[in-house]
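Number of protein chains: 6
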Amino acid sequence: MYSVTVRDHMMIAHSFKGQVFGPAQRLHGATFVVDVELKRPDLDGDGIVVDIARAMEALRQVLSELNFRNLDEVPSLAGRNTTSEVLARVVFDGMAAAIARGDLGPGAAAIEQMRVTLHESHIASASFEDRVVARPSSR
Amino acid sequence: MYSVTVRDHMMIAHSFKGQVFGPAQRLHGATFVVDVELKRPDLDGDGIVVDIARAMEALRQVLSELNFRNLDEVPSLAGRNTTSEVLARVVFDGMAAAIARGDLGPGAAAIEQMRVTLHESHIASASFEDRVVARPSSR
Amino acid sequence: MYSVTVRDHMMIAHSFKGQVFGPAQRLHGATFVVDVELKRPDLDGDGIVVDIARAMEALRQVLSELNFRNLDEVPSLAGRNTTSEVLARVVFDGMAAAIARGDLGPGAAAIEQMRVTLHESHIASASFEDRVVARPSSR
Amino acid sequence: MYSVTVRDHMMIAHSFKGQVFGPAQRLHGATFVVDVELKRPDLDGDGIVVDIARAMEALRQVLSELNFRNLDEVPSLAGRNTTSEVLARVVFDGMAAAIARGDLGPGAAAIEQMRVTLHESHIASASFEDRVVARPSSR
Amino acid sequence: MYSVTVRDHMMIAHSFKGQVFGPAQRLHGATFVVDVELKRPDLDGDGIVVDIARAMEALRQVLSELNFRNLDEVPSLAGRNTTSEVLARVVFDGMAAAIARGDLGPGAAAIEQMRVTLHESHIASASFEDRVVARPSSR
Amino acid sequence: MYSVTVRDHMMIAHSFKGQVFGPAQRLHGATFVVDVELKRPDLDGDGIVVDIARAMEALRQVLSELNFRNLDEVPSLAGRNTTSEVLARVVFDGMAAAIARGDLGPGAAAIEQMRVTLHESHIASASFEDRVVARPSSR
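Chains as they are written, first to last, in numbering that gives the first Met the number 0: chain A, 0 to 138; chain B, 0 to 138; chain C, 0 to 138; chain D, 0 to 138; chain E, 0 to 138; chain F, 0 to 138.
Be a bit skeptical, because a hint or two may be false.
As the list claims (entries may be wrong) - Derived contacts from chain E toward chain F, CB cut-off under 7 angstroms, selection only:
| id | residue |
| --- | --- |
| 1 | 19 |
| 2 | 80 |
| 3 | 84 |
| 4 | 122 |
| 5 | 123 |
| 6 | 124 |
| 7 | 127 |
| 8 | 128 |
Said to hold, decoys possible - Simulated pairs of lysine to aspartate or glutamate, EDC-like, Cα-Cα distance not exceeding 20 angstroms:
| id | chain 1 | residue 1 | chain 2 | residue 2 |
| --- | --- | --- | --- | --- |
| 9 | F | 16 | F | 72 |
| 10 | C | 16 | E | 45 |
| 11 | D | 16 | A | 129 |
Calculated from the structure, these hints are not laboratory results. These numbers come from a predicted model, not from an experiment. For every residue, glycine included, the Cβ atom is placed at its ideal position computed from N, Cα and C.
Only chain A is shown next, with the shape it has when bound in the complex:
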């Protein structure tokens, strides 16, 4: 299996509901350094997994909907705890939708698997990995 990984970041505010979160129930924030790994079994005719410039632009677009925002007030996230795990899934779904729309180019249709990792500090991160199939971004 081949893969390519691209990195970007976002800076957000949020708060969590639930005693398990302790002081993180207060409004606070995070820098998420985001790695997206795109996997396919064979390379295309150019010798690549995907057009890396398009993958980076798609990631920038996905993150721009969250970047420099208070996630407690983002309608599409209403009623959910925007933990690192949940946000890894949100980024995954956004990238999967971009692939389905063709934003990463026609060759990206061969991508079979994707892993999204959000590094929230030098000592903690969260990931979501799944197969990539064209589907509505429901959860």
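Got chain A; can you put chains B, C, D, E and F on it based on the hints?
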């Protein structure tokens, strides 16, 4: 699959038996920066893989049995080469036992897979990954 | 000149006032990975710059006043833009006060210089460095 | 599953053919920081996945055929785009051949899986992972 | 002294003249991860060293003149060994010129010192640091 | 001022004397990732601070006297606490002696300043920086 990874470290002395180890047969030491990745297919009702504070405390406890010690004199490790690979397994078993005891909370029972990585320098690391099932820490 | 550097982090929300900040005028957040470097010309009788455990505890204390908070609502920061640069100074002043109080031990009185760096992402950081002298934390 | 990862690097020039590469169609270059992860289900009698010194030497040998060269002029790569993905495969095949020749010692015959990652910058990397079986280095 | 550091990168080909360079006399290449640290004694009225977005854009512009090129054929570098040290100076001069032109905003005139670091691999880097004064980019 | 930094590592055992060290009074160990930064005001005729291959070899030699050893039994260190700070100085003195002997080449005589940093974990490091002058390695 979702995952959460937490990081801590330990500083130990040890020596190895076997010609393959060359100068590492002498008493020397290492800092191991330890990453523990906990995986489960779905998130709990709070939107998390596990209570990250509990996971970090469990890891600190597991490492405290080895930290600042000469592993050549730790009874539970007697007769074994405490290579990075072997220690990755020791940390894995310690974390699995903590999960089985409920130290990471009841939700941790949903953890299916765990990967432990020990970084021994900027150019070398070792990992052990396996399914997590409740079992005595024997090997 | 000898130095010792310790690292910790904090996760905060804030917003900035001023057109120069663009989208960062909105409420957002950051993880700051914080490095504190303590410098002195000679080592003490134990061969150290400072008791590193005390330095880490002092840093944890300084960060705990800001960690998991919305800095827009922290009274001691009212009316200021809590940029990375400003926060580097706030951490500097907090550590300098801890040294002056003796929290890092009597040997810490020999510390002459301190540098505080806040890493806000994988591509940006800010620092404040100055001489360390006992003084009130006013600015 | 156990694994050991070793790191080295190479510095090469190359150019790409194909509009998808944009300015990278010009002659340019890269530092590739290369991680090779070797996996096997059980450890040998010494408690290791592989003799790490031999693994590092084998990697150094594989990279030495490419290091400090213009890959556009390396005969064995003629007619191919030497993308990070393709080079990950080239390093994989070189390491697999070294294992098959016994360069990593007889115990390395138990290695079942290998993952090669080339970091081309702080924001992009490529990997190739596959089972390891004795075979000619054809592609 | 306050400072802000921004990071970007470039990927270039080049060769060196001189026996001291050994195999690096051949045409090869490098990824340079570039850190630019800008220093001034006091913050401006917004609480910043410099508009970080403008600093990143200026760095991108400076690197774009070298990025994805064979430096052996860049006229402005003719007759010089484009070592990491020399390129650190080239980036320094480019950023100093951008500051002098006002590209980083009027507040950047207060910048007194700049340090440019080029990371050429995980084990080697080079830096150039100097005072910043408006001057022609001669060397 | 120009500088070049090279990185290597060593893995040692040791123990400390003094209540301030707490559990580190026991025999334990560390991996030290070592950075040596060499500084001079101007480059030589080849456009370099120093022959980087010779600098790396000199560092390897200096570390080889300590690597894979129990520092409590190294005669030249008898009676001293081999803290990170003290070892930074030991490496500094070893590199300064190598420069004085000409091991880094005649051009290295122009090196004016050196900084040695030992990273003992992902959260702590120690440095020693001083002018470089030919002198006996007394302390």
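So, going through the hints one by one against the coordinates:
1. Below 7 angstroms, beta-carbon pairs count as interface contacts, and residue 19(E) has one with chain F at about 5 angstroms; its hint therefore holds.
2. Hint status for residue 80(E) relative to chain F: holds, with the closest Cβ pair at about 4 angstroms, below 7 angstroms.
3. Taking 7 angstroms as the C-beta contact cut-off toward chain F, the hint placing residue 84(E) at the interface holds, the least distance being around 5 angstroms.
4. Checking residue 122(E) against chain F by beta carbon gives a least distance of about 4 angstroms; that is within 7 angstroms, so the hint holds.
5. Because the beta carbon of residue 123(E) sits about 6 angstroms from the nearest beta carbon in chain F, less than 7 angstroms, this interface hint is met.
6. Interface restraint check: residue 124(E) against chain F, minimum CB-CB distance 5 angstroms, threshold 7 angstroms, status holds.
7. Interface restraint check for residue 127(E): the shortest CB-CB distance to chain F comes to about 5 angstroms, inside 7 angstroms, so the restraint holds.
8. About 5 angstroms separates the beta-carbon of residue 128(E) from the nearest beta-carbon of chain F, less than 7 angstroms, and the hint is met.
9. A C-alpha spacing of about 14 angstroms is found between residue 16(F) and residue 72(F), which places the hinted pair at or below 20 angstroms, so the restraint holds.
10. For the suggested pair residue 16(C) and residue 45(E), the alpha carbons sit about 8 angstroms apart, so the restraint of at most 20 angstroms is met.
11. Between the alpha carbons of residue 16(D) and residue 129(A) the distance comes to roughly 32 angstroms, so the proposed pair goes past 20 angstroms and is violated.
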